[in-house]
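K.L.:
So the protein lines, in turn, are chains D and H. Note that the first sequence covers residues 1 to 196 in the numbering used here. Note that the second sequence covers residues 1 to 213 in the numbering used here.
Mimicking DSSO-like on lysine-lysine, the simulated pairs with C-alpha atoms at most 27 Å apart in a straight line are: (1) Lys178(D) / Lys140(D); (2) Lys191(D) / Lys2(H); (3) Lys97(D) / Lys140(D); (4) Lys191(D) / Lys20(H).
Just so you know, the hints here were simulated from the structure itself, not pulled from any lab data.
Spelled out, the chains give:
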Amino acid sequence: MQRIPNREQSNGNARNELIELRLHALFLRGLTGDEAAYRDFLQATATHLRAFLRRRLSRWPDEVEDLLQESLLAIHNQRMTYDTSAPLTAWLYAIAKYKLIDWLRRHARREMQNDTLDDKNELFSTTDADANEAQRDLGKLLALLPEQQRAAIMHTKIDGWSVRETAVALKISEALVKVAVHRGLKALAEKLRDKS
Amino acid sequence: MKTDDLINMLANGPDVSAPKIPTRRFVLFISLGVLTSIGIMMTTLGLRPNMIELAMLPAFWIKMAFVIALAGTGWIAVARLSSPGVRTTMLPALIAAPVVLIWLAAVAALMNAAPDERATLFWGDTWHYCSSLIAILSLPIFVAILKVMRNLAPTRLRHAGAAAGFAAGAAASLVYSFHCPEIDAPFIGFWYLIGILVPTGIGALIGPRVLRW
Chain D
1 MQRIPNREQS NGNARNELIE LRLHALFLRG LTGDEAAYRD FLQATATHLR AFLRRRLSRW
61 PDEVEDLLQE SLLAIHNQRM TYDTSAPLTA WLYAIAKYKL IDWLRRHARR EMQNDTLDDK
121 NELFSTTDAD ANEAQRDLGK LLALLPEQQR AAIMHTKIDG WSVRETAVAL KISEALVKVA
181 VHRGLKALAE KLRDKS
Chain H
1 MKTDDLINML ANGPDVSAPK IPTRRFVLFI SLGVLTSIGI MMTTLGLRPN MIELAMLPAF
61 WIKMAFVIAL AGTGWIAVAR LSSPGVRTTM LPALIAAPVV LIWLAAVAAL MNAAPDERAT
121 LFWGDTWHYC SSLIAILSLP IFVAILKVMR NLAPTRLRHA GAAAGFAAGA AASLVYSFHC
181 PEIDAPFIGF WYLIGILVPT GIGALIGPRV LRW
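Chain H extracted, bound-state conformation (with noise of 0.2 Å):
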């Protein structure tokens, strides 16, 4: 077939006039992972029974602004990445931005408690599996993620799959406060990014092959 047999073929027939993106499908597919993670997180970990008392305090208000920072900003890199020369030169800043920030609130934490009490802020109680649980939860989502974006056209494959990982990954952790004890800013700087890294690394791993079209 000859290249202007081709344009004649496109430029004619019912899907001249060009089909919207299917929003509500992709916001389908997106709610069913995060209540998919909702889910594994409510019957495998179980809802934090004091969340009432912590929410009293400002720490639990600072991690939550920092995940859901986070989540936003994911979502917006997931957004910008999955369209053809959209301009992405803002992403890093957008994303290291909440980052920054909680390592700021960080520094005031271990400056301002006693040097015996400075461990207890950085390792908590859960540091040791905190990391892997949000992996885990980021999973179903990650996938919804990808599954979207398939239906899209992102042009830089490695940094699309980051961008879903990292999306995926810092959904998981706001659905993971829920059952998490720590709030400590020291804490959540370091395992939560870890958490939310392990998604972001997998999904520049496998971005060239699963994003393909």
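So here's chain D without its partners, still in its complex pose (with noise of 0.2 Å):
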């Protein structure tokens, strides 16, 4: 953990304040609601965190992906808590350090438990863990949420309706309708999590 240095000690290190400024302006218009901003910023906190889960997670490449992507979602849904005159590479830092442990800590738990098994097993875990994968697609996950946080976020964000033309569609009031897409956010990440 000691070698990637923490954002936070970074003064001095030109590149890394610039990077950190950049994200923290595109994150602080995205807060406000701009898109494009919004967009670059996690483009490009997907690239860095992307190099650091592979470096991290050299015995695992299938997992980088699924990872990443989980981290990306644990940052949008936890936006709220980021304290916008702290560093945002080290809260960003934080969460993506936080999501490796807690996924290299089950997945440990799980290869201590394969020891013990014989060839007949392992030939069946292979299969597991191939389920698992197709399993983790998001798009996948996103049909086992409940159906009106499905709908939800599939019209809201992906559809590209208005928020009154979905809460039409599903009879619901718009300020519902933006709970749904929160909460079916939070069980989306949920269940990446889950399925990992």
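Taking the hints as your guide, dock the two standalone chains into a single complex.
P.N.:
Below, the structure is given as structure tokens:
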């Protein structure tokens, strides 16, 4: 863990300062509803996190993209816990590290269990892993959400409908549409975590 | 779903402008916890009848300053450990400060006391149940704090759980102060602290499980 410098402590490191400034600016614009800025923020963050996770998960290269998606969803869902006066990169790093350790802890436990299995069981466990991987497709996980949450997310975030249009289609209030989106994404994050 | 698709999904729709932390709901939760704790204290233990007499003594105010300082530092620890990447290096010193001060007060009290009074200063009349009552009174506050923290994003779950237990224990010791007859620093600095450390330890044990997100 020590080799990755904590961004918080990187005073004087001009490149990190620049990344911090850029991400921070994009993120703040995103908080006020600027979709393009928020997309740029997520895309830039994704490239950093991918490199970080790839280094950390060199033994499990197939897991990188899944964990990256889990981290991005976590960042999105917990945005309100960011204190805008603190370094954003420290906040992002803490979340990615948390998700990584959480995964490693579970995975290491599963590995230890597998060690006691014989060959036949190992054969089954490989199919297990495949099934897991397919199930971790976010699109498929989305289908597992309660209908109202799923529809609210699909319409407002994928089909490009307005909140009003979605509210009319689902016969619920506009406030409830927003609540359904928020709760749905939180439930999605939980499903993603449990399947991994 | 590809990561780019996920990003497009996240960066579209009504939730791009981020929601605020529902502070009012959190305050409500914690208040409910504290009020429940006060309710349990009032109905099963009762308010100390001679509170006003106690309040005339300097030792009473040293004790109150101690429990209020602990509740305050507990609160800071909970807040800091609920957000990812926030500096927490000053927390140990912050929490230790009131403890060191009450221990200094305890040493002074013991040194000033006649040798045959020293045991009473430490054991008081209620040492055998003081700590457990504080631990019990902390439970509703503990639950409320954990519930609030689950809605935030603690990343060091063992520390976060311990902080929740510590803050709840400190708040409970403040509630218990309105029943407790003891005000001597040697007693407070040990038995109150034990009462607070019980939920702290429980928090450290259950934190990784109940605070996961």
